[in-house]
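Under mature numbering (1 follows the signal peptide of the UniProt record, and there is no 0), the letters of the sequence shown match residues -27 to -1, 1 to 555, in that order.
A hint or two may mislead.
Restraint ranges, calculated between C-beta atoms of paired labels, are given here [stated by the list, open to error]:
id	residue 1	residue 2	range
1	A412	S181	39 to 49 Å
2	S181	H276	23 to 33 Å
3	S455	P144	16 to 26 Å
4	A147	Y451	15 to 25 Å
5	R134	T308	20 to 30 Å
6	G157	Q279	51 to 61 Å
7	N453	G163	40 to 50 Å
8	H44	L470	46 to 56 Å
9	A271	S455	51 to 61 Å
10	E425	A147	25 to 35 Å
11	E85	V501	44 to 54 Å
12	N453	S407	45 to 55 Å
For the record, the hints were derived by calculation from the structure and aren't laboratory data.
Every residue, glycine too, gets a C-beta built ideally from N, C-alpha and C.
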Amino acid sequence: MAPGLASSAALGVLAIVLGSSCLVALSEDEPLENLRFVRHAQDAPLVSQYNYIVIGGGTAGCPLAATLSEHSRVLLLERGGLPYRNMSNQQHFTEALADTSPASPAQRFISEDGVVNARARVLGGGSCLNAGFYTRASNDYVRAAGWDTRLVNSSYHWVERALVFRPDVPPWQAALRDALLEAGVTPDNGFTFDHVPGTKIGGTIFDSSGQRHTAADFLRHARPRGLTVFLYATVSRILFRQQEGVPYPVAYGVVFTDPLGVQHRVYLRDGGKNEVILSAGTLGSPQLLMLSGVGPQAHLEAHGIQVLVDQPMVGQGVADNPMNSVFIPSPVPVTLSLVQVVGITRFGSFIEGVSGSEFGIPVSDGARRLARNFGLFSPQTGQLGTLPPKQRTPEALERAAEAMRRLDRRAFRGGFILEKILGPVSSGHIELRSADPRANPAVTFNYFQESEDLERCVHGIQTIERVIQSRAFANFTYANASVESIFTDSANFPVNLLPRHVNDSRTPEQYCRDTVMTIWHYHGGCQVGAVVDDDYRVFGVQRLRVIDSSTFKYSPGTNPQATVMMLGRYMGVKIQAQRWRK
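Make the full structure from the sequences, and use the hints.
Dropping the structure here:
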């Protein structure tokens, strides 16, 4: 057997062994708050030691920590808390995003481009906040990443067994599927996790009762004696030292602060294969590298940070897939559904939809009279709020909510069809605003800076126009509503802080620029080949890796969460194999 095949086979066997033990560790129904290894940071010792320290209990960090715990002592540090109950049902999809309190699981930020966005601050990460769609990366993406195909597939299977379901497709989503096919997004690929051109139904992390399953669920499959999780633990820096005979600084621990302001130090146990692993996400991982002295020298010095390694590529290549959507009012009631169907076009645009007359809006008249949140239409949300972001003072929010309480429910009835582009080609950067690890860094995405991105958006918008005009979608559109009027109404939603271009002859290009939003698929900042190597080890230091979406150059598939979860599992298996190798 060739060496490469032998290595692949060994990884496959290891994945099977780990998988068989992981998936029976704890009851599927065991509440996370009952897991004895999940604790509050205030209960942490001032000094402790572990084989692996994983920073960030998100979409990658949870499967990574659960896998590593099988044969090692692992500490998982999460700056947020447990997913609360209202996050667990699709009826409450928008509530966390509308929460702007200091303890919100969705930490609001506004990019320098003027687009409202959010970063997860909760155990389970973005999987606690997103629309739940599950779909794999393409085979071309896997090959370009240089990943082991066999281990990739077994890692996807491990994720899917734990928390992925086949959705019950309601009439609105079925009409969207048929309309995409009628609009030329063919063939019909049925139900599949695979990324293939055409129209398909994908997986979901919502079960048949509408309950959300998140990356935090992987912790139920951890070895309890191998894992400790501290919540509300804000890591301020990674500790490095010079070691005799080693040319680069060596990571040997971290410092984190609990909510009372008490500092705790965690050190790696003796042994050259013990490591610190950053899984803090696209904003958090480059931010923590810079706070620890690894980043662009001049920028770090401007913030009074001692430079350990001058690494100008930290924080570079950050990108966000621009999303544009249109609201289609419906003459008939529409069942609530999040993303279930996707049209994967051959020109680099992905078409999806969410439906429901409420989108999280309280159903009963009595509940609506008391409501402060109106789902995707809520004045508080960062997406399709009815109040411009700069005007969202507490008093203005209450006035807007009061006005919405008086509206007929039929005003909210319908669905959104959205398009997101492949890639994107355009990218920007992350910079520190301060040395405070709790503060958001400054983020610039440079939406549509490259013409190729704009062309893909225009083709996507034109496809949505054909979907709206299709026979398959006729039951969910008003006969007297023109496509032009539908797009004009949607263009008037105050979705970002960009200058408005108010006219009735808006071109598709202008619509793309004026109505750009995020779909929370941002990535980059610690890219493979620039900041980390093919094994996700940080250049210029030792015993430190980054394993999360910050390492991606492009977003995988139509929706990245499947691949981010897979990567956590994949690298957990690989690191274990490297540890056992003599």
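Quick rundown of the hints versus the structure:
1. A412 - S181: 39 to 49 Å: holds, 41 Å
2. S181 - H276: 23 to 33 Å: Violated, at about 50 Å.
3. S455 - P144: 16 to 26 Å: Holds, at about 24 Å.
4. A147 - Y451: 15 to 25 Å: holds, 20 Å
5. R134 - T308: 20 to 30 Å: This hint holds: roughly 28 Å between Cβ atoms.
6. G157 - Q279: 51 to 61 Å: holds, 57 Å
7. N453 - G163: 40 to 50 Å: Between N453 and G163, where Cβ atoms are some 35 Å apart, the hint is violated.
8. H44 - L470: 46 to 56 Å: holds, 49 Å
9. A271 - S455: 51 to 61 Å: Hint holds: Cβ distance 54 Å, inside 51 to 61 Å.
10. E425 - A147: 25 to 35 Å: With Cβ atoms ~33 Å apart, the hint holds.
11. E85 - V501: 44 to 54 Å: 25 Å Cβ-Cβ, so the 44 to 54 Å window is violated.
12. N453 - S407: 45 to 55 Å: The hinted range 45 to 55 Å holds for N453 and S407, with Cβ atoms some 54 Å apart.
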